[in-house]
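Visitor: The primary structure of each chain is shown beneath.
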Amino acid sequence: MRVMMSVIVTTEASDDDAEPYVDAEDTAPAWDAEQERRGILLHRRRLQPVEDATTVRVRGGDVLMTDGPFTESKEWIAGFAILEVADLDEAITIAATHPMARFGAIEVRELWTDEG
Amino acid sequence: MTDTAAAVARAHREEWGRIVATLIRITGDWALAEDCAQDAITRALERWPRDGVPANPGAWLTTVAKNRAVDRLRRAASEATKLREVGIMNELERWSPEAPSEIQDDRLRLIFTCCHPALALDARVALTLRTVAGLTTEEIARAFLVPTATLAQRLVRAQAKIRKAGIPYRVPPAELLGERLGGVLAVVYLLFNEGYSASSGDTLVRVDLAEEAIRIGRVLVGLLPGQPEATGLLALMLLQHSRREARVDAGGRLLSLEEQDRSLWDAAAIAEAAALLASARGVPGRYRLQAQIAAHHATAPGAEHTDFAAIVRHYDELLRIAPSPVIELNRAIAVGLGSGPAAGLELLERLDLPGYSLLPAARADLHRRLGALDAAAVHYAEALALVRTAPEREYIERRLAEVRAG
Numbered sequence: 000m001r002v003m004m005s006v007i008v009t010t011e012a013s014d015d016d017a018e019p020y021v022d023a024e025d026t027a028p029a030w031d032a033e034q035e036r037r038g039i040l041l042h043r044r045r046l047q048p049v050e051d052a053t054t055v056r057v058r059g060g061d062v063l064m065t066d067g068p069f070t071e072s073k074e075w076i077a078g079f080a081i082l083e084v085a086d087l088d089e090a091i092t093i094a095a096t097h098p099m100a101r102f103g104a105i106e107v108r109e110l111w112t113d114e115g
Numbered sequence: 000m001t002d003t004a005a006a007v008a009r010a011h012r013e014e015w016g017r018i019v020a021t022l023i024r025i026t027g028d029w030a031l032a033e034d035c036a037q038d039a040i041t042r043a044l045e046r047w048p049r050d051g052v053p054a055n056p057g058a059w060l061t062t063v064a065k066n067r068a069v070d071r072l073r074r075a076a077s078e079a080t081k082l083r084e085v086g087i088m089n090e091l092e093r094w095s096p097e098a099p100s101e102i103q104d105d106r107l108r109l110i111f112t113c114c115h116p117a118l119a120l121d122a123r124v125a126l127t128l129r130t131v132a133g134l135t136t137e138e139i140a141r142a143f144l145v146p147t148a149t150l151a152q153r154l155v156r157a158q159a160k161i162r163k164a165g166i167p168y169r170v171p172p173a174e175l176l177g178e179r180l181g182g183v184l185a186v187v188y189l190l191f192n193e194g195y196s197a198s199s200g201d202t203l204v205r206v207d208l209a210e211e212a213i214r215i216g217r218v219l220v221g222l223l224p225g226q227p228e229a230t231g232l233l234a235l236m237l238l239q240h241s242r243r244e245a246r247v248d249a250g251g252r253l254l255s256l257e258e259q260d261r262s263l264w265d266a267a268a269i270a271e272a273a274a275l276l277a278s279a280r281g282v283p284g285r286y287r288l289q290a291q292i293a294a295h296h297a298t299a300p301g302a303e304h305t306d307f308a309a310i311v312r313h314y315d316e317l318l319r320i321a322p323s324p325v326i327e328l329n330r331a332i333a334v335g336l337g338s339g340p341a342a343g344l345e346l347l348e349r350l351d352l353p354g355y356s357l358l359p360a361a362r363a364d365l366h367r368r369l370g371a372l373d374a375a376a377v378h379y380a381e382a383l384a385l386v387r388t389a390p391e392r393e394y395i396e397r398r399l400a401e402v403r404a405g
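Chains A and B, in that order, give the protein sequences. 0 is the number of the first residue of the first sequence in numbering that gives the first Met the number 0; add one for each residue after it. 0 is the number of the first residue of the second sequence in numbering that gives the first Met the number 0; add one for each residue after it.
It should be emphasised that the hints constitute simulated quantities derived from the structure, not laboratory data. It should be emphasised that the depicted structure is a prediction, and the values quoted were computed from it without experimental measurement. Fair warning: there could be bad hints in the mix.
What the hints assert, rightly or not - Capping the alpha-carbon separation at 20 angstroms, the derived lysine to any residue pairs in SDA-like fashion look like this:
| hint | chain 1 | residue 1 | chain 2 | residue 2 |
| --- | --- | --- | --- | --- |
| 1 | A | K73 | A | T112 |
| 2 | B | K160 | A | D113 |
| 3 | B | K81 | A | D113 |
| 4 | B | K163 | A | T92 |
| 5 | B | K160 | B | L31 |
| 6 | B | K160 | A | T112 |
| 7 | B | K163 | A | D14 |
| 8 | B | K160 | A | R1 |
| 9 | B | K163 | A | I91 |
| 10 | B | K160 | A | T92 |
| 11 | B | K160 | A | D88 |
| 12 | B | K163 | A | D88 |
Stated by the list, open to error - Simulated restraints on C-beta separations:
| hint | chain 1 | residue 1 | chain 2 | residue 2 | range |
| --- | --- | --- | --- | --- | --- |
| 13 | A | I81 | B | A321 | 37 to 43 angstroms |
| 14 | B | D315 | A | K73 | 40 to 46 angstroms |
| 15 | A | D66 | B | E90 | 56 to 62 angstroms |
| 16 | A | K73 | B | K163 | 23 to 29 angstroms |
| 17 | B | A321 | A | R58 | 40 to 46 angstroms |
For each residue, glycine too, the CB sits at the ideal point set by N, CA and C.
Bound conformation, chain A alone:
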């Protein structure tokens, strides 16, 4: 099955038991390389900062734009990876090895398929 792992950045206010972020310990590239080596990484991207997001709505036929994210949230998605895994247990094991699991969180969701 295919899952998307979203890398969630949290703030101290929202997640006070997360380890403080240490740049030198953010070994995400090594994690990517490991999943690539195992042949299960289908796609991965880091996103530009959430402050630079543009939120687009169409209301009454007009395109409305807001500078910034959809909600002023204390958590945001910093990047994502799509992987081919056997089941949720494998996904959990892999997600737990991502450095951002310690500094923030990894959200795991299976991609929608026609079987639901």
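Position chain B against the provided structure of chain A, taking the given hints into account.
Guide: The following block gives chain B in isolation, referenced to the frame of chain A:
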């Protein structure tokens, strides 16, 4: 209940989990599995009074459930899905109630899946009762004092998550087994405690949930005989349950261990627990240690003959593997009863458990034993403000009245 109805009820209890477990493995469809098992039970209620109870009720129910599943799949199969459905139907045809090892594995798969840590705790509990133990949605809802619709929704959502999140239907591999078994045991023990002392409300003992937990505990020990913590949990539940008749007096008042009539304790359950503990090997884990503590209480001829020194040693071991202020509290009480109230009170001084009624209650009890009745009254009053069940309230009120009367 007629003999036949009792036979159906017994077969329901014993066979439900097996039938559902195998149907889920083969079809991957939880709702279908439950419906077919339910149909088999309904059929038994119609047929057994007329035709007599079959020689092998389990095989009878399995065959009916299986045929029902084949019928349903045949009817539902469209051109697009036919290939897959045919594969499932072939596998169903091969399923024989006489292939025990595969069926045993299915039961374990079912239990581990229902208790998967990616499910919310209340969903794990509800699924385990519905699918493993075969309780109806109404029975579970009543036991947890929630509306049936809420409970039904919880079950539907949990089953959808299993399907949509890719929770595997399997016994975890060796590297995950210890951790996942810990999760299963936690669900079973939570169930037991929910039955043993309702967290709120007037009924202190909801025997049915405690008995369901013991039943699942027995299944686990049967399926995983080499797992000492599963054995330890079953022993612990048996020991706590052995006092169910003695915990309250004729007027429904809660009694402390030393006030209880020990002749009312269930000697068979205590003996069974002792044999289980004697059979367990390796370094004891948290359930086995708690069971050993309970066994010291259960086998003492009277409260004053309890081996508190041994109990304190077990608490020390427990604190090493699972440090918790509640265990420190229990250890302090054991010290107070074994080495004198002053020693226990000194240990209690260092504890802080906000909102937890048993801490002031323990302080009050040890002060009472010291003869410091005024201090005891202060702490009983503090405990009274925190208790959540009516029987506990009455117990503390009775104690408070005693110390105030001097």
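Visitor: Hint by hint, which ones does the structure fall short of?
Guide: 1, 7, 17
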